[in-house]
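Given chain A, put chain B in place with the hints provided.
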Amino acid sequence: MENENFVTIEGKKVAIEGEKNLLELIRKANFNMVTFCYQPELQVYGACRLCLVEVEGMGIVASCCVTPKAGMKVRINSDEIRNLRRINLELLLASGNHNCTLCGKSGNCKLQKLAKDMGITEIRYKVKKHTSEIDATAPALVRDSSKCILCGNCVRTCNEVQGIGAIDFAFRGYKAKIATAFNKDMVESHECVSCGQCARVCPTGALMPNSSEIEEVYKAINNPDKKVAVHIAPAVRVGLGEVFGIKPGISVDGKIAAALRMLGFDYVYDTSFAADLTIVEEATEFITRFTKKDRLPQLTSCCPAWVNYVEKFVPEFIPNLSSARSPMQMMGPVLKADFEERGGKREDLVVVAIMPCSAKKMEAKLDKFYVDKNPDTDHVVTTVGLANMIKAAGIDFASLPDEEFDAPFGTKTGGGVIFGASGGVMEAALRYAAAELDPKRKGRVIFESLRETKEFREAQLVVGDIKIRVAVTSGLRNARKLLEDVRAGKAQYDFIEVMSCPGGCVAGAGQPQYEGWKIRKERAQGLYADDAKLDYKSQDNKDVMALYGRIFDKIGGKKAHQLLHTHYTDRKDQTGK
Amino acid sequence: MTDRFKPAVQILTDYGYDSAKLIPILQKIQDAYHYLPEDVMRFLANELKISPAKVFGVATFFAHFSTTPKGKHIIKVCNGTACHVKGSASIIQAVKDKLKLKEGQETTEDMMFTLECVSCLGACGLAPVMVIDDTVHGQMTAQTAAALLDEVIKAEAAHGN
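Quick mapping for you: the protein sequence lines, in order, are chains A and B.
Residue 0 is where the first sequence starts when you use numbering that gives the first Met the number 0, and the numbers rise one by one after that.
Residue 0 is where the second sequence starts when you use numbering that gives the first Met the number 0, and the numbers rise one by one after that.
Same shape as in the complex, but just chain A (with noise of 0.2 angstroms):
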């Protein structure tokens, strides 16, 4: 019987292995048929009409919808299913802007490739849009509803993934756009974290990360009056490499610190540092609170997109966030700080960070880390936006040979490098905790249940009788689970770390595009490889320990606390209360 369990397919027969649906069969025998809707973590919605085929006894079918059933006969090329495909995406491009070389999205976007890969050379309908509109007022994303086919990717991993609703459909017929609530704009969205998770599943330039700040970088670099320092983010060195054609998962760190030379950025230096100081910050915070069994959970404050939603969605947990603040707003004053120590003025000294994510645009720019009217972060390029500037310098990125990153502030420790990956930032935790609890524990620590790809992953940490209990999720729906659990004592916890976007950073906004956990799995392995070749624990960063009686007094000190730490507002919506 088992043998029978085949479905035919353009005459080629195909095994179904528990598929969800005919699609995933069709894509696993390498037709890799391009649709829009259809996101395997997802609830399939059946909108976007590119993923017909002739099913014999049923008839025309979007596959996207249908189970494998054995002995299913499927066309995908027929006359009549190249015709309809062709119909539909002639439809998609008539209904918006779709003005290739003027977009952001090209060379990226699927309405795109699409096009090109059906051959579609004339629309046989009138073009409805033909200007953008264009809605550039948040720091993190921009929207261009012009170039939305309404596939519904955002609206659905808004909801599913985060749990939010920020934008939904509004309107009807040849008005429905995808809006805010209220329509309002994006800056004044209440509801929208800025975690960018709905740019990494648009198929077209209708949602991006905002670009704008890389013209200001590179005036900056042409400034005779500034210095200008970059840092790079871990994730980053995991997902640009994907951009020049190199495998995922290969840290290409050496080609980076290479290529921003190149680019004309006086100090090149490396995030992981300043995730480093943010361990010994946070991990000391944290065995000071569980000594004293003070407001624990704590939770992990790296991620802004995060903190933004416990702000937003439940604030009763401000308390239970780390006050530390995220290793770029460490980075920035620490930078600054040094800068004006060797005798250069603060707003002198231009700090550029490069980030796998949009929230970060949005972190920078919060009054709080502002001093004099000067940021810590001045500007904020993602991994895609300093791939772009590669790109448009001519760099040949993938011949580059490996440089280093400038000390001081360019030293890791794995414990920093890990950062980037769900459950990185609680193992460099752990790992420090261990060092500081047992001094005479030998050996590397990791834990390698913080590492699995699973929504929720706990560990612990002996030692003697002493256990800490932890907890690892990502994805803002499952931090609202676990919160929930903790609410309700079903789940007891000393330390929580959430990041935004399932996977952690590797798999933020500001990332090369992909789809799928294969990816995103890959970029994680890529940190773990970086890890095990450098200092696993943070304390070991001799360059962060140095910055303690010289910038700060100790850990945790008074100068420790107004340039490392932070503090919450409790911005939940009031209305009728």
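These are computed hints drawn from the structure, not numbers from a lab.
A quick note: this is a predicted structure, and the numbers were derived from the prediction, not measured.
Glycine included, C-beta positions come from ideal geometry on N, C-alpha and C.
Warning: the hint list may mix true and false statements.
Said to hold, decoys possible - Here's a subset of chain B near chain A, in silico, CB distances under 10 angstroms, partners left out: (1) Thr1; (2) Glu37; (3) Phe42; (4) Asn45; (5) Ile49; (6) Gly56; (7) Ala62.
To be verified - No farther apart than 25 angstroms at their CA atoms in a straight line, the calculated lysine-lysine pairs in the DSS-like style are these: (8) Lys576(A) with Lys5(B); (9) Lys48(B) with Lys311(A); (10) Lys364(A) with Lys225(A).
Chain B only, in chain A's frame:
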């Protein structure tokens, strides 16, 4: 809680705070507030534990719902096929002239009248049809339509005194 949301709380209570009843809840809200105010929609979303964007999506999908304030008297002129053929355009123009409505304006500045052009009222036998508040008037002409409006305006003036 302020008095403003008391009618909304009553309506939510009547429907058992059931988010599946969003459409009837919005209908009642529109009856109570004469339109769907933003703060009330936001309040509903919070109370029903659904996103405000979802409520806004439903509110803007149906032509029945209005997200802008409406006048005290709602005038619907049917512009369905039968009424159109029977000359509803001249009635719409007569109402606009009488109420001094500019192009694109639906509600008079004194918030007394709102003009809605609707697609079909299902009273094609009486075409052309105009509805003032909930009373249907058939076989209208530009003159009879204007006369009916005059009556309402006169009644309002008397009431005001």
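**Asked** Looking back at the hints listed earlier, which ones does the structure fail to meet?
**Response** Checked against the structure, no hint fails, so every one of them is satisfied.
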